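Colleague: Residue-level listing of the chains:
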Amino acid sequence: MEQKIQDHAILADKFNKDIPRVDWHDKTLWFIREKRDKAAWQIAEWEELREAASQVKNNVLDNLHDYLLEFEKQAQQNGVTVHWAANAEEHNRIVHAIIKEHGVTDIVKSKSMLTEECHLNEYLQQQGITVVDTDLGERIVQLAGEPPSHIVLPCIHWKKEEIGELFHQHLGTPKGNADPQFLTAAAREHLRQRFMTSRVAITGVNFAVAETGEVVVCTNEGNADLGVQLAEVHIACMGIEKIIPQRKHLGIFLRLLARSATGQPVTTYSSHFRKPRPGQTMHIVLVDNGRSERLQQESFRNALKCIRCGACMNTCPVYRRSGGHSYHYAIAGPIGSILAPGLDMKKHADLPFASTLCGSCSNVCPVKINIHEQLYEWRQVLVKSGHVSPVKKAGISGMAAVLSRPGIYKVSGAVGRWFMKYIPALVNNKLNPWYKQREMPAVPKQSFNEWYRQNRKQNGKQS
Amino acid sequence: MESRAKILQALSKKFTDHPAPLPDVKAFPPTAGDPVDKFEFILRGIGGRTVRVSSYTEIDEYIAKEYTSGARIISLVKEVAGSAITPDIDPHTFENVDLVVLQPHFGVAENGAAWITSDRMGDRALPFISQHIALVITTDSILHTMHEAYEQIGNADHPFGTFIAGPSKTADIEQSLVLGAHGPKSMTVFLLSR
Amino acid sequence: MKVALFVPCYVDQFYPQVAIATLELLEKLGVDVTYPESQTCCGQPMANSGFEHLTHGCNDNFVNNFSGYDYIVCPSGSCTLHVKDHLHATNETAAAGIRKRVYELTEFLTDVLKVENLTSHFQHKVGLHQSCHGQRGLKISQMSELVSAPFSKTEKLLHMVKGLELIKLSRTDECCGFGGTFCVAEEAVSVKMGIDRVADHVTHGANYITGNDMSCLMHLEGILRRQQSPVKVIHIAEILNAAE
Ligand code: SF4
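Going line by line, the protein sequences match chains A, B and C. Just so we're aligned, residue 8 is where the first sequence starts under this note's numbering, counting upward by one. Just so we're aligned, residue 329 is where the second sequence starts under this note's numbering, counting upward by one. Just so we're aligned, residue 3 is where the third sequence starts under this note's numbering, counting upward by one.
The hints are simulated quantities; they were obtained by calculation from the structure and are not laboratory data. Please note: incorrect hints may appear among the correct ones.
[Said to hold, decoys possible] Dumping the calculated BS3-like pairs for lysine-lysine here, alpha-carbon to alpha-carbon at most 27 Å:
1) A:Lys312 to C:Lys141
2) C:Lys86 to C:Lys127
3) B:Lys366 to A:Lys42
4) C:Lys30 to A:Lys464
[What the hints assert, rightly or not] Pulled from the structure, derived: some chain A residues nowhere near chain C, Cβ distances all over 10 Å:
5) Ala51
6) Gln81
7) Glu172
8) Met203
9) Lys354
10) Pro397
[Stated by the list, open to error] If we take Cβ atoms under 8 Å as the criterion, some of the chain A residues that face chain C in the derived model are:
11) Phe360
12) Ala361
13) Ile403
14) Trp441
15) Gln444
16) Pro451
Nothing here was measured: the structure is a model prediction, and the numbers come from that model. The beta carbon of each residue, even a glycine, is placed where N, CA and C say it ideally should be.
My request is simple: use the sequences and hints to build the entire structure.
Modeller: Here you go:
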């Protein structure tokens with residue numbers, strides 16, 4: 008890996024230039040983690056629910072072919088047009104074609120991580136289509152010309168004063184007004200006009216039920232529903248892994264999703280779209296974009312169980328202190344770090360290393376993805392595929408050589424306390440990154456090994 | 329159709345001969361305690377209002393007190409006063425509706441949600457476009473958990489259905505909760521005991 | 003019962019007193035302890051950096067040193083976990099045996115020796131840093147993410163120490179940011195995490211921060227000393243062995 012200029016460590020370092028802001032970001036997300044804990048503790052069978060959710064998703068991954076066919080059949084019987092897209096590009100083309108067919112230039116879109124993954128907005132923009140993101144948080148980052156920094160809380164990195172200023176510039180709200188109530192009301196007015204005039208609405212999909220062909224969309228704001236119910240065309244975009252077998256399984260997931268995400272008992276709206284409203288057309292776009300390939304990778308396939316609740320981000324001590332944008336991928340945090348390298352190893356080779364492997368992510372995950380173990384596995388894969396800096400490679404090889412030879416180990420230890428010599432040398436940095444903000448451990452007179460030889464072997468004990 | 333074949337082809341490769349079994353959803357027990365109390369407690373916690381009533385007249389009286397005579401109120405509950413809607417009306421015309429009164433199938437105690445389907449909405453846009461929403465739920469229809477909810481829904485073929493839990497809300501600005509994001513600014517649930 | 007003492011490389015080099023305390027403590031409890039002298043490291047620094055494929059030599063050396071014991075005891079949750087999860091060697095049967103018989107010190111005390119009393123004395127306010135690999139990996143204590151009954155093998159032992167006052171923390175099990183090479187590769191975040199962890203202990207009145215892993219404590223110590231704080235770090239073996 009040639010050192011990219013803007014890898015996670017560098018972006019995180021920038022983020023940490025403003026410590027009060029880091030503290031604020033950390034506390035805000037920790038607060039959500041605590042709300043999640045409280046909500047989880049309300050459910051005595053929480054861990055059993057996670058296990059059940061995990062089992063359903065495992066079953067789906069093992070039978071995806073059949074479930075997709077069943078889903079397609081049901082959806083078609085419901086009067087829905089089903090499209091298949093092999094990759095992001097095809098997805099974007101399909102969506103554009105539908106919009107064009109209806110001769111529309113302005114559309115509304117509710118939250119969909121899949122369309123972020125596919126960069127749909129940019130694509131449509133290039134085709135002369137104006138997309139308005141209707142989720143408040145997404146609208147804020149859209150006005151600011153940024154991607155979301157969190158999959159559930161897109162503008163969690165924005166302060167209300169900054170949003171006040173943004174709205175002043177774009178929506179003409181009075182300068183200096185940063186009251187969330189007021190700003191939300193202003194956004195409501197602004198977006199109502201869009202809802203009232205948009206003839207095409209795009210939504211994401213939280214769950215798609217094979218048995219019934221219906222798709223379930225969860226929001227708090229009601230923006231997905233308002234968009235769809237006032238439009239002539241509903242386009243629902245989903246990754247193929249969003250399928251669940253039967254309707255009754257929704258009970259498991261709807262119990263887990265909002266509690267894990269924000270600590271709410273359920274989202275305000277959990278809408279089941281089965282058939283288009285009279286006079287409306289409904290399309291579902293099924294997107295692969297690397298998923299079928301990942302399904303064949305033993306170590307990484309179960310990352311496809313993800314229900315995009317964001318809990319792993321809220322709990323991640325690194326995410327909280329580096330911000331979503333430091334991950335330079337549509338999905339940030341722990342789950343993003345195991346998904347992104349699957350799409351482009353070279354571009355995202357830094358992400359699996361942006362973790363201490365503390366394991367908190369795997370523990371909060373409602374579908375029990377072994378996120379931290381996959382981070383470890385990705386490291387092995389990345390290094391083996393050559394996505395590693397020469398400096399690091401040389402450092403580790405040297406270390407491995409010393410550690411496999413006890414004789415050399417003892418000598419190098421006695422001479423230089425090799426540990427501190429090797430570890431900092433792993434990064435290409437003239438300043439010792441340990442010492443920058445930390446003292447080095449004091450070097451003792453003798454190592455334990457030396458002590459043992461003096462004190463125990465003399466006492467007649469043999470090793 | 330080329331991509332369809334390609335994707336299905338890629339997926340047809342069996343990863344395992346022993347696909348993971350599906351769990352037993354019935355294994356999850358109902359929550360403890362009185363579901364009506366719990367429903368009320370949870371719904372209030374997420375910004376909803378609840379009013380216990382024993383007759384439709386009480387609902388009328390309550391609404392008459394809360395709304396001025398000029399308010400545009402649509403009621404899909406025949407026992408509750410309010411204008412009806414004509415079929416095939418353009419949903420955009422509901423933009424100035426102040427209150428819509430609907431009768432869901434049931435409420436769910438564990439999360440304060442109510443299940444309502446398109447046949448009870450008048451128009452699918454109404455629960456979302458109205459400035460305020462009121463629901464009439466009979467106390468004996470409140471279920472414990474979402475598992476019971478889906479058992480109740482069963483295989484019913486509703487073109488559209490939704491769980492609604494409280495007023496539309498957002499906390500996107502610095503996590504401060506604001507009621508009335510895009511949809512109704514308030515939700516009142518009349519808990520009707522008979 | 004024949005027990006081998008496995009001393010992590012950085013403990014050997016920087017914190018010999020931790021290994022000494024571990025040895026003395028086990029001896030006090032009547033255990034026949036041997037320190038295989040040709041041991042070096044468990045290979046974790048390489049493996050966690052993505053170089054598990056370069057650990058063969060190191061692993062073979064580990065297996066040569068630690069075969070033939072009833073138990074292998076280590077004063078580090080992280081190194082123990084690594085051996086348990088990732089030790090593979092030319093002699094795979096021997097490696098498998100070691101993976102089963104390796105214990106972190108506190109779990110060895112509570113689960114194998116079933117220690118109920120200690121004679122140690124430590125008259126200080128102590129904050130417990132739960133290192134992630136011991137806690138979440140070896141399940142040494144309940145984890146704040148899980149809805150399950152509380153327990154802590156480490157705290158159980160600390161409660162046996164006379165005079166010791168265990169302080170409460172705001173975040174009971176947040177990672178300190180050490181993370182092996184993470185501590186230098188992601189210097190900014192690592193240090194920020196460490197500073198926050200230290201602050202939690204300090205504001206709750208700790209005089210000492212203890213834990214099962216000297217690597218985390220080394221990182222926290224580096225921060226405390228840079229802050230010129232009077233608060234010290236101390237490995238749990240040193241407390242359990244203290245006769246102050
Ligand atoms: S990986 Fe798990 S915790 Fe993270 S977003 Fe996905 S479902 Fe939620």
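Colleague: Please go over all the hints and tell whether each is borne out by the structure.
Modeller: Hints versus structure:
1. A:Lys312 to C:Lys141: holds (25 Å)
2. C:Lys86 to C:Lys127: Given that 27 Å is the threshold and the Cα spacing comes to 33 Å, the pair is violated.
3. B:Lys366 to A:Lys42: Distance ~19 Å between Lys366 of chain B and Lys42 of chain A Cα, so the pair holds.
4. C:Lys30 to A:Lys464: Holds: Lys30 of chain C and Lys464 of chain A sit about 18 Å apart, inside 27 Å.
5. Ala51: violated (8 Å)
6. Gln81: holds (35 Å)
7. Glu172: Given that every Cβ of chain C is farther than 10 Å from that of Glu172 of chain A, nearest at about 27 Å, it holds.
8. Met203: holds (44 Å)
9. Lys354: Consistent with the label, Lys354 of chain A stays out of reach of chain C, its closest Cβ about 17 Å off (over 10 Å).
10. Pro397: Check passes; 13 Å lies beyond 10 Å.
11. Phe360: This interface hint holds because 6 Å falls under the 8 Å limit.
12. Ala361: Interface hint status for Ala361 of chain A: holds (6 Å vs cutoff 8 Å).
13. Ile403: holds (5 Å)
14. Trp441: holds (6 Å)
15. Gln444: holds (4 Å)
16. Pro451: holds (5 Å)
Of the hints listed earlier, those the structure fails to meet are numbers 2, 5, in rising order.
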